Structures are given as structure tokens and as C-alpha cells.
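**Q** Here are the chains, one letter per residue:
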Amino acid sequence: PVEPAQPTAGMQALKSARLLQVKEIDSVKYPNGILSPNPAVNNISKSQGIQYSKDFLMQFQDVFKEKPSLDWDAKVKETIGDGSDSA
Amino acid sequence: MADVAPAQTGANPQSPVPLDSIPISPEGALNGTVAVKSEKPAHSETDLVTVFHNPDNFNVKHPLMNHWTLWFTKPPSGKGDNWNDLLKEVITFETVEEFWGIYNNITLTSELALKSDYHLFKKGVRPEWEDPQNKHGGKWSYSFKEKKSIPIDSLWLHVMLAAIGETLEDDGDGEVMGVVVNVRKAFFRIGLWTRTVGKSVPGGGDGNNAGGKGRTTEQGKDVLMKIGKRFKEAIGLGDTEQVEFSGHMDAAHAGSTRAKAKFTI
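Here the protein sequences come in this chain order: E and A. Heads up: the first sequence begins at 1 in this note's numbering, then just goes up one per residue. Heads up: the second sequence begins at 1 in this note's numbering, then just goes up one per residue.
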């Protein structure tokens, strides 16, 4: 029998991590050089959620690259194709 | 700062020693002659460990204000397939981390076949104007006709980030339904769909919300114009270019050639 694919550590961390709460966002000590979500746009006392600036969000681009699921590649191929099939 | 273990026996520091012979708690720390600081302890239960601290072992993730669904329109096969078969729901997500996991593992817009679309819409709203939450609405859009010279991948990324980061509208505006990119032979088009065309809608209630009677037509237009301005900034357009707003119904009834823009900015 073929060994089933195992989720990576990053995939498991994503699954088990909990959602940050709005009131906690100021308590996160981001590592040096990482921008926190722009406090100017977040009125924590009244906001229902957190607004994120483009610059904050772009910082994740090279940090989190895990596939959303083990069967992701097959799913993408099925729904989107490889892009080479022409209309 | 003398953060090193105290010299114990005068042994040559260059010569390798068995690992188990290295004292874990140097005596110097006990008699106070050398300040030995232990390394920062492993994260305790209460620490907020983000993906930036440890991408393999983080314990909090960044929530989005809304849950979003990515959809894809497949190019027609030419065998008379209908729209419902071509529009595919890809995945729904609710965190910044999930967004990047998806984005980093999906086909770039520049690599899609002609007549494909990506749609990123709030969960529960189909990216079709017939959807009850879209049918009274409209869209801001812009067509990029110089396909070769524009960085469509980063423009589409930036407009998605503005949507999920909730910087296209303010708390309570309630207009943004989703964003879309169309890949066509002569152009790439990026659009932003809104719940209304600035007017109250049937069942919209009495409040000052999108479609509510408490939001005057003037206020409704102001909200849409503000969103259009932010959309235009997100896709990097300057003062000389204009984005156009049109109602879905107008376009459906008038036919695309006669549909005229309701607003431009």
C-alpha cells in the first residue's frame, strides 16, 4: 500500500492555530522588521474586525506557502487546468 | 556582555568535547562571578506566536473580517457547455495565512487561458449578477488593453488584498461584494462589484446601510465614488485613466454596446 501523504508542519500549524482576536492585535510582538497592521486604520474599540494594509499583507507572501490541502494540486488541475489548454 | 560559559578547566576551546560533558548550568551562574543568561525559553502557552515567528509552529492566525470564496470560470470548450458548468467554486477561506497558501499554489492570471476569470467574493454570494445580493448592484471596472505591458498578476493581487484587508470601503458601507479579473483576447479587465447602484433596494430596510432607505441617493453615490477612488488606487491607475461604474441591470437590459457608465472617476 502507498503511504498516504502527510500534512506538513505548516499545514498542521495553520489548522491548529486559533484566530487572533481584535483586542489582542496590539499584544502581538511582531519580530523586528515586521510591520504590524496599521494602527491608524484600526479603531479596536469599535471595529468588528481587523483592517490590513497592503504592506502588512504582502509580508506573508514569502512566509506562508503551504498548500491548502493534500489534494490541492489535483483539485487545481481539475477546476482550473494547467492553463495551457486554449479556448 | 559575557554570555559565554566560564572557563572551567582552561581547556583549549578549539578542541572538540563530547556534548554531554558541557555543563548545562555553569557553576559560574551559581556563585555569581559570571552573569550567565539562559537563552530565551521556548514559547509558553500564552505567547502569541505568529507565522512570522515560526512558520512551522505558530499558534495564532490572522482573521479576515469576512469569509471569502475564490471562484474560477473555465474557458468554454466550444462544445456548447453552459455557464453553470464553467463557473467553479474553488475554495473558501477566512485568514490571511490561508489566502497566501492558496495564492502561492494557484495558477497566475497571466498564465490562464483566454476567456478565464477569477472571482473573489464574500462567502454566500455567487459571482453572478442574478444572485439576490448582486441583482440590484453594479460594478466599477477597468480594461487594460496593453496586455503585454501591464503587470496583471500584481494588479490582481493588490485588488484582492484591498478586498480581504477591507480597505476598499469603511465600516458600515456594506457595498463591496467581490472582485473579478477577466482574461480576454484583447484585454485584461479588473472589476469590483457593489451591492447597490447607490439607491435603496427592495427589502433594504430603513437604515443608513447599503440599499437602506435611510441612505440618501446623494450619500449612496458618495460611498460608491469613494470606493471607486480606492479601487482605482489599488489597481495603480493615475489621474489620466478613468474607471467606470455601471449597474448590472442596465448592462443586462441595454446590451453591452448601449450600456453607458453611470459614474466615472
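Bear in mind the hints are in silico, worked out from the structure with no lab data behind them. Just so you know, these numbers come straight off a predicted model, no measurement behind them. All C-beta atoms in this analysis are idealised placements derived from N, C-alpha and C, irrespective of residue type, glycine included. Worth double-checking, as some hints may not be accurate.
Claimed, not checked - The calculated DSS-like cross-link candidates involving lysine-lysine, where the alpha carbons are at most 27 Å apart (straight line), are:
id	chain 1	residue 1	chain 2	residue 2
1	E	65	E	77
2	A	232	E	75
3	A	115	E	75
What the hints assert, rightly or not - A few chain E residues that don't get close to chain A, going by computed Cβ distances all over 10 Å:
id	residue
4	1
5	2
6	3
7	4
8	6
9	68
As the list claims (entries may be wrong) - Which residues of chain A face chain E? A partial, calculated answer using Cβ under 10 Å:
id	residue
10	100
11	158
12	234
**Q** Are the hints correct? Go through all of them and say.
**A** Against the structure, the hints:
For the given pair, residue 65 of chain E sits about 18 Å from residue 77 of chain E by alpha-carbon distance, which is consistent with the 27 Å threshold. Distance check on the hinted pair: residue 232 of chain A and residue 75 of chain E sit about 33 Å apart at the alpha-carbon level, beyond 27 Å; violated. For a cut-off of 27 Å, the pair hint linking residue 115 of chain A to residue 75 of chain E stands: about 20 Å separates their Cα positions. At the 10 Å boundary, the C-beta of residue 1 of chain E stays outside the reach of chain A, the nearest C-beta of that chain being 27 Å off.
Every Cβ of chain A is farther than 10 Å from the Cβ of residue 2 of chain E; the closest lies at roughly 22 Å, confirming the non-interface assignment. Against the 10 Å criterion, residue 3 of chain E stays outside the reach of chain A, whose nearest CB is about 21 Å from its own CB. Chain A leaves residue 4 of chain E outside its interface by the beta-carbon criterion, the shortest separation being 19 Å against a cut-off of 10 Å. Against the 10 Å criterion, residue 6 of chain E stays outside the reach of chain A, whose nearest CB is about 13 Å from its own CB.
Not every CB of chain A lies more than 10 Å from the CB of residue 68 of chain E, the least distance being 5 Å, so the non-interface label is violated. The beta carbon of residue 100 of chain A comes within 4 Å of a beta carbon in chain E, closer than 10 Å, and the hint placing it at the interface holds. Annotation: interface hint on residue 158 of chain A holds; nearest CB of chain E at approximately 6 Å, less than 10 Å. Taking 10 Å as the C-beta cut-off, the interface hint given for residue 234 of chain A holds, the closest approach to chain E being about 8 Å.
In terms of the numbered hints stated before, the structure departs from hints 2 and 9, listed from lowest to highest.
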